[in-house]
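Trainee: We have chain R already, so just place chain C on it with the hints.
There are 2 protein chains.
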Amino acid sequence: MKRLDMFGLLKKDMDYIEQELYRSISGDDLLHETSLHLLKAGGKRLRPVFVLMGGKFGEYDLQKLMRVAVPLELIHMASLVHDDVIDDADTRRGQLTVKSKWDNKIAMYTGDFIYAKALEIVTQLPNPEIHQILSKAMVEMSIGEMEQIRDFFNTGQSVRRYMLRIRRKTALLIAVSCQLGAVAVDANPKYSRQLYRYGYNVGMAFQIQDDLLDLCGTEKQIGKPPGSDIRQGNITLPVIYALQDKEIRGPLLHELTRIHELNGECDVSTAISLIKKSAGIQRAEELASRYINKALDALSELPDYKTKRNLKDIAHFVTRRSY
Amino acid sequence: MKRLDMFGLLKKDMDYIEQELYRSISGDDLLHETSLHLLKAGGKRLRPVFVLMGGKFGEYDLQKLMRVAVPLELIHMASLVHDDVIDDADTRRGQLTVKSKWDNKIAMYTGDFIYAKALEIVTQLPNPEIHQILSKAMVEMSIGEMEQIRDFFNTGQSVRRYMLRIRRKTALLIAVSCQLGAVAVDANPKYSRQLYRYGYNVGMAFQIQDDLLDLCGTEKQIGKPPGSDIRQGNITLPVIYALQDKEIRGPLLHELTRIHELNGECDVSTAISLIKKSAGIQRAEELASRYINKALDALSELPDYKTKRNLKDIAHFVTRRSY
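Going down the list, the protein sequences come from chains R and C.
Numbering-wise (this note's numbering), the first sequence opens with residue 2 and increments by one.
Numbering-wise (this note's numbering), the second sequence opens with residue 2 and increments by one.
Chain R on its own, in the form it takes in the complex (with noise of 0.2 angstroms):
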């Protein structure tokens, strides 16, 4: 998967912080090939780049800044090996995940070892404000994690239920990202919470888009076949404005009910079709735009023609991406 490059002035600086993230997880011999097998199979490395374009808005110290986009890093790619074991995914960036390579425990462990790693190299900024709010954000992130297998076939959950799971699960860390990138490095705390607002938002069109992705995208896109959501039984915004059109409901509910009974080893692509027969996937690219529009309000109180360009330009790329 494609590293988030768009910016040749954070190349180098990116490069850096890839370098630091293979340093970061030296260790047990096990333990350093399952976190190198997850590091190599790549991500769009979104966190970090949110966290040095956050670094801009203060005096810019990449050495502080490495410390909170290394952990943050670490600590998403720690709950997708924890995601993998609960979707009992086999796939993830095209590539076998850790679960399926080795087994369910040492994925387990794996993440373990990946969160401590995480906390290991942002506690060596002494900046209390930093770890409280890191912290708080890993609770909410476990909360989401545990309600997302609650809300498993629950095919009667409210979009704002949905709004709620996603809130936690994706984009408070991106948020988080983005708000301490300018706490690092001691920003003007007005920066900081319209960063926070602008990362929010970002990242729940971000989760919205991925969503759809996984309903509309192809498996080269995406690095796993689509509609692994349907089969695991994860109902996101399409499926719930699909099942709100009154033709589309009862043969999707039937389809929905099939797919379960099975435990998703099943073709979905019955399911698929009635979801974009609907307006669901309209509605849904409608509401990701407006968490687009949210997040380029936030950024209208920044200073920084430049890096504030930048980010109106990730923006835009989440709800223009294909992976």
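Careful: at least some of the hints might be erroneous.
Since the list can't tell identical chains apart, any single copy or any two copies may satisfy a pair.
What the hints assert, rightly or not - Calculated pairs, DMTMM-like style, for lysine to aspartate or glutamate (alpha carbon to alpha carbon, straight line, at most 20 angstroms):
1) Lys106 x Asp89
2) Lys106 x Asp14
3) Lys295 x Asp187
4) Lys106 x Asp152
5) Lys106 x Asp230
6) Lys191 x Glu130
7) Lys12 x Asp62
8) Lys191 x Glu60
9) Lys137 x Asp29
10) Lys221 x Asp91
11) Lys45 x Glu19
12) Lys137 x Asp30
13) Lys102 x Glu34
14) Lys295 x Asp62
15) Lys137 x Glu21
16) Lys41 x Asp305
17) Lys277 x Asp230
18) Lys106 x Asp84
19) Lys277 x Asp91
20) Lys247 x Asp211
21) Lys106 x Asp91
22) Lys13 x Glu286
23) Lys225 x Glu248
Derived from the structure by calculation, the hints contain no laboratory data.
Computed from a predicted structure; not experimentally measured.
Mentor: Positioned in the frame of chain R, the structure of chain C alone reads:
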């Protein structure tokens, strides 16, 4: 399981810690339920006791000490829930485990939630040293847990390898509990170093005694069927010593292979008898005593006669306990 309330003086403060432990786990309904189940199963609360004792060597402040004691007990609890997933354990402390009452996935996220809650509380303290010490210990713990998986049924492992594993798995967190109690109240660094040494050696003895109890205790005493370690393939010190006995080695290896082949779903009383016939139990007891002596030795440079006497009592309790 009985709380370690040997000290009238600590009882009131330990009641407060207990109350804060219960308060700490509020959150999503299901996570609250699973965490509550864990808390209610009890435990000796050894780590909080050590934190409070460490706090006696500086300006004792229960509010500060709570913010170390509660997180340390939570980290211990979280590691136990994840352990139960690995060990496929149905009971612990005489109660059903989370993975058994709910399932492995819920146990995994319960652990993640409790880890995050621990961090949320400890980050209320501004002292970066505390966070650095704690995160390093968490990294080591997760490495120790992975080592344990890798050493399952490894009958060729050395005593040294066993020591390294229990150091990471148990002794470091106990060492850090003693140390951080002192650090939290700004005790003389000389004292916190000695407390670390005390805790480390008590922790080693504690784990050896735990492993002995698994072989020699009754189900009522230890809250789970004896021989659980052997069934899981966890090769403990008495077993390693027993394997050094020329007469015992052959039949014991044969039994361990049989248990491995049956995935531990069999009677292990022959193996236990063989170990008891060897000098393994006695030699392990002797080593535990040597660690206790080192722990007592570490106390010699500390002031406060009364707290020292209490710490001596705990050290002696560790090798004599039957729960």
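Trainee: Is it within, between, both or neither when you check Lys106 against Asp91 at 20 angstroms Cα-Cα?
Mentor: Answer is both: 15 angstroms inside a copy and 16 angstroms across each meet the 20 angstroms cutoff.
Trainee: Have a look at Lys106 and Asp89 and pick one of within, between, both or neither, based on CA distance no larger than 20 angstroms.
Mentor: both (12 angstroms within a copy, 10 angstroms between copies)
Trainee: Which holds for Lys247 with Asp211 at a C-alpha limit of 20 angstroms: within a copy, between copies, both or neither?
Mentor: neither (26 angstroms within a copy, 62 angstroms between copies)
Trainee: Checking an output row: Lys295 and Asp62, CA cutoff 20 angstroms. Within, between, both or neither?
Mentor: neither (29 angstroms within a copy, 46 angstroms between copies)
Trainee: Within a copy, between copies, both or neither: where do Lys137 and Asp30 come within 20 angstroms Cα-Cα?
Mentor: Classified as between: cross-chain Cα gap 18 angstroms, same-chain 31 angstroms, threshold 20 angstroms.
Trainee: I want to check one pair: Lys102 and Glu34. Are their C-alpha atoms no more than 20 angstroms apart within a copy, between two copies, both, or neither?
Mentor: Within one copy only: 11 angstroms inside, 33 angstroms across.
Trainee: When Cα atoms must be at most 20 angstroms apart, do Lys225 and Glu248 count as within-copy, between-copy, both, or neither?
Mentor: neither (30 angstroms within a copy, 56 angstroms between copies)
Trainee: At 20 angstroms max between alpha carbons, let me know whether Lys106 reaches Asp230 within a copy, between copies, both or neither.
Mentor: between (23 angstroms within a copy, 17 angstroms between copies)
Trainee: As a check of your reading, is Lys106 near Asp84 (CA-CA no more than 20 angstroms) within one copy, between copies, both or neither?
Mentor: both (13 angstroms within a copy, 9 angstroms between copies)
Trainee: How would you classify Lys277 and Asp230 at a CA-CA limit of 20 angstroms: within, between, both, or neither?
Mentor: For Lys277 and Asp230, the Cα distance is within 20 angstroms only inside one copy (15 angstroms; across copies 53 angstroms).
Trainee: Within, between, both or neither: how does the pair Lys13, Glu286 come out at a Cα-Cα threshold of 20 angstroms?
Mentor: The answer is neither: 34 angstroms in one copy and 57 angstroms across copies each exceed 20 angstroms.
Trainee: Go through the copies and call it for Lys277 and Asp91: within, between, both or neither, with a Cα cutoff of 20 angstroms.
Mentor: neither (26 angstroms within a copy, 45 angstroms between copies)
When the structure is compared with the earlier hints, violations turn up for hints 2, 3, 14, 16, 19, 20, 22 and 23 and for no others.
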